[in-house]
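Protein chains: 2
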Amino acid sequence: MTKQDDKAPGLSRRALLGGSAKMATVAGATAAAGMTGWAGGNALRVPAAQAATGSASVPPGDLDEYYGFWSSGQTGEVRIMGIPSMRELMRIPVFNRCSATGWGQTNESIKVLTEGLTPETKAYLAKHGGVWHNGDAHHPHMSFTDGTYDGRYLFINDKANTRVARIRCDVMKCDKIIEVPNAADIHGMRPQKFPRTGYIFANGEHRIPIPNDGMILDEPDKYRSIFSAIDGDTMQVAWQVIVNGNLDNCDADYQGLYAFSTCYNSEEGVTLAEMTSSEQDWAVVFDVKAIEAAVQAGDFTEISGVPVLDGQKGSRFTRYIPISNSPHGCNTAPDGRHVVINGKLSPTVSVIDVTKLPDVFADKIKPRDAIVAEPQLGLGPLHTAFDNKGNCYTTLFLDSQVAKWSMDKAIQAFKGEDVDPILGKVDVQYQPGHNHTSMGETKEADGKWLVSLNKFSKDRFINVGPLKPENEQLIDITGDQMQVVHDGPTFAEPHDCIIVKASIVNPRSTWDPEDPIWEDARNQAKQDGLELGDASELIRDGNKVRVYMYSAAPSFSMEQFSVKQGDEVTLIITNIDDVDDLTHGFTLANYGVAFEIGPQATASVTFTADRPGVHWFYCQWFCHALHMEMRGRMLVEPRAA
Amino acid sequence: MTKQDDKAPGLSRRALLGGSAKMATVAGATAAAGMTGWAGGNALRVPAAQAATGSASVPPGDLDEYYGFWSSGQTGEVRIMGIPSMRELMRIPVFNRCSATGWGQTNESIKVLTEGLTPETKAYLAKHGGVWHNGDAHHPHMSFTDGTYDGRYLFINDKANTRVARIRCDVMKCDKIIEVPNAADIHGMRPQKFPRTGYIFANGEHRIPIPNDGMILDEPDKYRSIFSAIDGDTMQVAWQVIVNGNLDNCDADYQGLYAFSTCYNSEEGVTLAEMTSSEQDWAVVFDVKAIEAAVQAGDFTEISGVPVLDGQKGSRFTRYIPISNSPHGCNTAPDGRHVVINGKLSPTVSVIDVTKLPDVFADKIKPRDAIVAEPQLGLGPLHTAFDNKGNCYTTLFLDSQVAKWSMDKAIQAFKGEDVDPILGKVDVQYQPGHNHTSMGETKEADGKWLVSLNKFSKDRFINVGPLKPENEQLIDITGDQMQVVHDGPTFAEPHDCIIVKASIVNPRSTWDPEDPIWEDARNQAKQDGLELGDASELIRDGNKVRVYMYSAAPSFSMEQFSVKQGDEVTLIITNIDDVDDLTHGFTLANYGVAFEIGPQATASVTFTADRPGVHWFYCQWFCHALHMEMRGRMLVEPRAA
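Residue numbers (this note's numbering), protein chains in the order written: chain L, 1 to 641; chain F, 642 to 1282.
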C-alpha cells in the first residue's frame, strides 16, 4: 500500500458490509454481515494443560500481580479485576443504583450523583426520581503523572446521560460526577498523560443543537459535536471546542501538546444511510497549547458557563486528517510518538506520527502527511494495544481475531519496502471490541498480558437463556505466538479496561473518620452539638427527625427509636469498628432503605416515615456470630386521624 | 455425649462468646469474639500445582458440568455460575435496579415488581419511587419433582422488603414477586421436595404485631412470627401458621409430610441481651397434612386474605424440639430421613429423624426423642451440606473451618458407642456461612464439589479499599480429605447457593415472540390495530403517545419521531433478530431510559417527555459493525409558552 495525497485508501464499505449499510429499512438485516465471523473458523483452542498450568493460574491464597479496572458498559458500574486470575474483586457503583451499598439512596451518594448536573437536568430529576438510575459506562482510565499511572483517580464516561465520573483510588469509591454541558452523549474519554492529569478529554459523540432547548429540532445542519477538556482535579469543564463531523474515541500524546479524536460521521448525517455514505472520514487533532492560549486571552464564547472555541475546519485549534471508512479506536503507542487510528469499516489502521504535527498545524505539510503507516490487518479493526517491544495488537471485529503487527515494519511497508508487518493472528470468541495490554496505555507497557473484550460468547459457556454473557479473554503475549489462556464470561458489558501494576495502587483498608464524603453529616452533627461515632441521639426539629447512632459488631447503639407518621427522618450511622473488612450495613425493613457503612465510615439516608407500625432495622453485612441479632426497632406512631 | 431428656446440651453461650452477648451497649465490642477466628490458624494451603491442575480447571472453550445458582445477598440479584470453573455466567435482576436490562424501569418489570405487593406497600410506593430499589436476597432454591431438581423455576426470598420471587428457568428472568402479608422480613425459604413444588415455605424472621398498622407499638409480647406456605405455581400464599419464638432457616422433608424451622429467639426478646438470654431455643416442626386438613375444613382465621392457623405451643400443627443455643441452619439430608439443625452458638449440630415425628405429633414420645445424633463439631456450626456417601459437611463460622463428619458414626456416638464422627476439617478463608455440595439438597447428591461461602476475605486478594469482597471457595470432596481448589472473590454477598447438574437446566436461546411477559404490550398493540414486530408507528391518543418500533442490526425501524413536551410517551420495541446472542438495547439519552431487548423479545417503557430538544436514542448492546450508527432522534417540541 502506498501513500496517497490527502485521501485515505481503503476497500469499498459496501463490499465489506454486503449491503447492510443500506438496511435502514431493516427487513432482512438479521443476516447482517456483522455476524458472519461467527460460523466456523474459530477452531484454535489452547491445549487444556497449557490453559490450566500457564502463568495465568493463581492458586488459592496467592495474590494477583495487576489490578484490572473494568468498565461495565450499560451496567453503569466500574469493576476491579485481579489479573492474571481474571477474578472480579469488587464492584464500584457509579452510574447505576446499588442495592447493597445504597448508592443512589444515601445522602452522600445523592450529592455526588446530582451536584454536578446541569440546571435543566436537576429540574428534570426533581420531578422524576431524584437521580438517574442508569448509565452507559465505556472507558475507565487512571490519572497519569509523567506518562504513567499514578494511582490517584479513575475516570469514566457515561454515554447515556452525558456524564464523566471520578473514583478515588484510596477508597475505591466515586466522589465526583459531572454532566458535560453543551455536549450530547459522552463517548471517547482519555486523561492527559503528560505532565499529569490534568485534563480529561471527553467526546460528545452525537451532534445536537447548542443549546438543545427545542428551538432547533429537525435542522441537522445546525447540529454540532463538541470536544471537552475537564479539569481532573476540580471536575469542572475547563474549555470546549466545537468540531465538524462527530467525535468517537480519543487519546492524548505523551508530550502534553495534542489530543486526538476519531470521527465516523464526517457526513454530518442523522440516518444510517447518511452516516455511512462517504468512503472517507477523519481523525481530528486538537492543539492543546493554542486552545489554552486562546482561553487565557479571553478569545472564546461562553456557553453554559464554559469557554467554547470554534474548532471547525479552518480553525487554528484543529486539523482534520483524512482516514478511510469510519475510524473508531484511537490509541497512542508507548513509544510516545505514534497514534493508531483504527479503521472499523476499512481493513486498515492509520498511524499518525506526532512529531509531524507541528508542521501540519503550521500548514507546512498536509494533514495526511502525518500518516506514516497504514497496514491492512483484516476486517473490522477496532482498537489497538501495545507491548514493550514495538508490537501492536489490533482487534478485528468482523474476523473475530486479534492481529499482532510490528510498528516498525508497518512504517517500512508504508515507505514502500517489501515487508509484511503482520506477525500473527489469534482467534477470539467472538467479535472483539476494546482490548488492552498490561500497562499498555502508559510509557511502562510491559508486554505480559493482553485482554480481548469480546461482545458475543454464543456457544462458549453453558446456556443461560436468551441473554448471553460477553466474553473477556486473557491472552499471554510473552511468546512469539499469542495464546488464549482464559475465557471469562461477564455481565453486560466489559466495554473497556486498563491493567495496572499492583504496586501503583495502594488503597486504605479502613476509612479516615474525617473523610470529606460525609462532611455534610459531620457539620450537621456539630450543629446538633454532637460528634459522629459518639452520638446516640434522636434530635427532633419540627417534623424533621435526625437519628444518630453508631455500630459495633454485633450491635447498633440504639435498640429502638420512635417517630411519628409523616416525619422526615434522617438516619446518620457511624461504624466505629476499626477492623479490616468489618463493614456493617443498615437495612430498614419494608421502607426500602439499605446501605453500607465501612469500618470507621459514616453514612446517612433521609426518608419519610409514612408507614405506621413496628419496623425492624438490621445489619445486612454479615459481621459476627450474632449478626442476626444485630437489629432494633423503629416504632412509627400513627398520625392522629 | 449422651441423650438428655428434653433439654438440649451445649456449652455456655457466655463462655463461647467471651461476653459479647452483653455488649448491647457496644463499647469495646470491636474485639468481639466473632472475629477471633481470624488470627493465625488458617495456614493450610493447597499446593499450587494441585490447585491449578485439579479437576476444577475448565480450559477455554470447555463447558462447565454444573450450574450454580447464587444469591447475591444485599445486592438483590441472582447470579448464575459455572461449576467447577466458578465463573459468573449471568446476573438475573430480581430485587435490585439494573441499569443494563432496565429492570425496575420497563413496564414489564414494574408489573412484576409491584403487582404482588400488599395494598399498604402499593400505596407507599405510589408516593415514593414506584418500586423498591433494594432487596436482601438470601436463599435461592430450585423447584423439585420427586425429591430432585426439575429445572422449572428458581425461588428466592427478600428479607429487606418481605418478598419471595420466582425466576423462570426457560428464560432465566424473574416473572413473579410477591410480598408476604402478615409477615416481617422473610428469611429462611425452601421449596417442598415431594411430591413436587408445590409449596415454597417461607419464614417471617422478625416478630411484629399482626396487623402491623401502628395500633400496637412497644408491646413486644403482642408480636408474632409467622410461617408461610406459598403456592409455587400461582405465587399466592396458601396458608400461614403463627408460632412462638421466631423463625430463622427452614427445610422440608422428602416425604411431603413435614417442614422444619429453626428459632434463635425463643425468648421472644427485642434486644440482643434478651434474645440471647436463654441457653436453649428450638426447632419447630410443621405437620403439613394436618395444616392442609384444617385449611380444607375452614378451621382458620383469615387475615389479609390468607388462611392463618395458630401453631403456638399446644397446637396440633406444630411441635417444638429443644435445641441448644440459637440454632441457625436447617438441612435435610439426601438419605431422606435426617434433618440437621446447626447450633450456631452451641458447638453441636442436632439431627432429627423424620421417622420419629409421627410419634412426636401423637405425643407418644417427647420432642427431644426425635433427636438421634448431636455431634460436637467446633465453634459456630451454621450450615450442613451432604455427599452421596453418608457424609456431612458443616461450616464452622468461628473456627473458619468446614468439618466433615459421618452421619452413621454420629448416630452411633449418640447411642453411646465410642466412635468419633469427625472425619476431617479444612480451613476456609474466612468465617463461612452457607455451604453447598453438588446436587446436595436433593436425593441425587453426588459428592463431587463443596462450595464454602465465606463472609470475609481480608488479606486473601489484592486490596481494593475498605470494602472487601466476600470469598467463595471451591472444595474438592471426592477424596478422603477436602481440598480447597479455588478462591472466588465476590461482591456482596454470596449468601447461599445451589449446584445443579447442567443436564437439568435447558433454557431457550431466543425468546418465544408470544411470551406472556409482554402480554400487556401485545394486547395494547392489538387495540391499536398493530402487530408487534411489524409495527413502526406513532399512535397519538390525547397527550399519550405510543411509539412502536422494531430493531434488526444495525437499525431501529424508526430513525426519528416527534412528540410534544409534556406528552406521556410509551416506547414499545420488538427485536426481530432471531440470531442467538443478538440482544439489542434501547437507550434514550439524557432521559434516563435504557433497557434490554433479547432476540425476538418485546420491551416497553413509559416516561414523560419533559425535556424539549433533540434526544438521540441508540442501541447500547453491541450488535454489529455498525452498532454505533444504530441510532435515531426523538424530537421534543417545546410546549407553547
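Just so you know, the hints here were simulated from the structure itself, not pulled from any lab data.
The structure presented is a predicted model; accordingly, all values stated were derived computationally and were not measured.
All residues carry an ideal CB built from backbone N, CA and C; glycine is no exception.
Do not take every clue at face value.
What the hints assert, rightly or not - Lysine to aspartate or glutamate pairs mimicking DMTMM-like chemistry, simulated, CA-CA at most 20 Å apart:
1) F/LYS1185 x F/ASP1221
2) F/LYS1099 x L/ASP64
3) L/LYS222 x F/GLU1278
4) F/LYS863 x L/GLU559
5) F/LYS1205 x L/GLU120
6) L/LYS564 x F/GLU860
7) L/LYS458 x F/ASP1221
Unchecked claim - Label pairs and their in silico Cβ distance ranges:
8) L/GLY424 x F/ASP1182: 29 to 35 Å
9) F/GLY955 x L/LYS544: 45 to 51 Å
10) F/ASN1147 x L/ASP528: 41 to 47 Å
11) L/GLY542 x F/GLY1207: 33 to 39 Å
12) L/GLN236 x F/SER945: 33 to 39 Å
13) L/ILE303 x F/GLY1207: 55 to 61 Å
14) F/GLY1065 x L/ASP528: 18 to 24 Å
15) F/ASP1059 x L/ASN506: 36 to 42 Å
16) L/HIS128 x F/SER945: 31 to 37 Å
17) F/ASP1182 x L/GLU302: 39 to 45 Å
18) F/GLN896 x L/SER536: 49 to 55 Å
19) L/PRO516 x F/GLU1160: 37 to 43 Å
20) F/GLY1207 x L/LYS111: 43 to 49 Å
21) F/GLY1207 x L/LYS544: 32 to 38 Å
request  = Check each numbered hint against the structure and report the violated ones by number, ascending.
outcome  = Result: hints 1, 8, 10, 12, 13, 14, 15, 19 and 20 break, sorted rising.
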